[in-house]
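Using the numbering used here, the first residue of the sequence shown is number 1, and each one after it goes up by one.
Hints were generated in silico from the structure; no laboratory data involved. It should be emphasised that the depicted structure is a prediction, and the values quoted were computed from it without experimental measurement.
Calculated lysine to any residue pairs in the SDA-like style (CA-CA distance at most 25 angstroms, straight line):
(1) 173 <-> 188
(2) 173 <-> 142
(3) 127 <-> 197
(4) 173 <-> 150
(5) 66 <-> 145
(6) 321 <-> 311
(7) 127 <-> 200
(8) 173 <-> 146
(9) 321 <-> 250
(10) 66 <-> 130
(11) 195 <-> 51
(12) 195 <-> 50
(13) 173 <-> 281
(14) 127 <-> 257
(15) 66 <-> 191
Cβ pair distances, simulated, as ranges:
(16) 26 <-> 98: 25 to 35 angstroms
(17) 247 <-> 150: 17 to 27 angstroms
(18) 316 <-> 160: 43 to 53 angstroms
(19) 257 <-> 161: 40 to 50 angstroms
(20) 190 <-> 101: 39 to 49 angstroms
(21) 18 <-> 228: 19 to 29 angstroms
(22) 19 <-> 195: 13 to 23 angstroms
(23) 39 <-> 131: 37 to 47 angstroms
(24) 101 <-> 33: 26 to 36 angstroms
(25) 131 <-> 192: 16 to 26 angstroms
(26) 98 <-> 188: 50 to 60 angstroms
(27) 65 <-> 154: 25 to 35 angstroms
Where is the CB? At the ideal position from N, CA and C, for every residue including glycine.
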Amino acid sequence: MRSKEISAEDRSALVAVTVFPLIIVLGAVWAYFFPAVASHLTPYISPGLGFIMFTMGLTLTVSDFKRVAERPLAVLIGVAAQYIIMPAVAIGLVYLLNLPVGLAIGFILLGSAPGGTASNVVAYLAKADVALSVTLTTVSTLLAPIFTPLLVQWLAGTLTDIDGVAMAISILKTVVVPVVGGVVLRLLIPNVIDKLLPVLPWISTLGISAVVAALVPGSAAAIASAVGVVFVAVILHNLAGLLIGYWAARATGSSPRVARTVCIEVGMQNSGLAATLGKTHFAATPEAALPGVIFSVWHNISGALLSLYFRRRAEAEADRKLAAQAAALADKVNV
1 MRSKEISAED RSALVAVTVF PLIIVLGAVW AYFFPAVASH LTPYISPGLG FIMFTMGLTL
61 TVSDFKRVAE RPLAVLIGVA AQYIIMPAVA IGLVYLLNLP VGLAIGFILL GSAPGGTASN
121 VVAYLAKADV ALSVTLTTVS TLLAPIFTPL LVQWLAGTLT DIDGVAMAIS ILKTVVVPVV
181 GGVVLRLLIP NVIDKLLPVL PWISTLGISA VVAALVPGSA AAIASAVGVV FVAVILHNLA
241 GLLIGYWAAR ATGSSPRVAR TVCIEVGMQN SGLAATLGKT HFAATPEAAL PGVIFSVWHN
301 ISGALLSLYF RRRAEAEADR KLAAQAAALA DKVNV
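Make a model of the complete structure from these sequences and hints.
What follows is the structure in structure tokens.
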């Protein structure tokens, strides 16, 4: 009976990681070809991001916060990797590709953002540590008002004037407050929220698609002129984060399962936040939102592919262990 339940969950997760990127791509393409209509969504970018984070808060439980005390080393490794690896890769790409100021700011914002909420679904399908994934996303998100402005000010402060306090307040309003609100509401009416849990990822994805669509009209000129180099840089940023995240976790003694989790968390960013900050705080350089917009599409695609690869590896490892146990048992019987 349990195997059927797991199979159903697996199918649901597979559909999710396959369809989520398609929904976001369709939103972006629609907005690019119909910018006049999509521009009506622009005033709702920040509220839309807040709604997405609110749905994330609805999925959290007290156990997700207790896990910080129960597994401090794993959480420390994951969060440290998040806020060290991706900013470092971002600034490296800025210099390697000699990116113009607007795109440089966009990639620094992207690298300095917390983990993305889609990572939890990817972690499940990849047979990674889903509980740890949820905790890492939560902790990095709650730390974003501190680390994101500090990193952006440090790495991009020589490129343009940056109001770190205003950015921190924006993140508090659009990220932390909605997440906390979702957590509190679930504590108040857990039975109602539990019934909504299966549809929340879909609602969140529609919200992400709407935010991306709202950002595209303002970035249309940049998309037309720089989409090639941005797409290459986004792929390099994502892949570097995934690879370095995995091996950094392994180098610190983490198990392959935990390393898969850290890999996914580091490589998948809250690109919606990065794009929103680019739009809100760097209006003079509209291309600052572009890396976040492109990353929103790409990391869902790479996450789906990576989850299938990790899943096959995990299943192969399980089969090898089972075969070894069977062989050991056979040897004992023969003796």
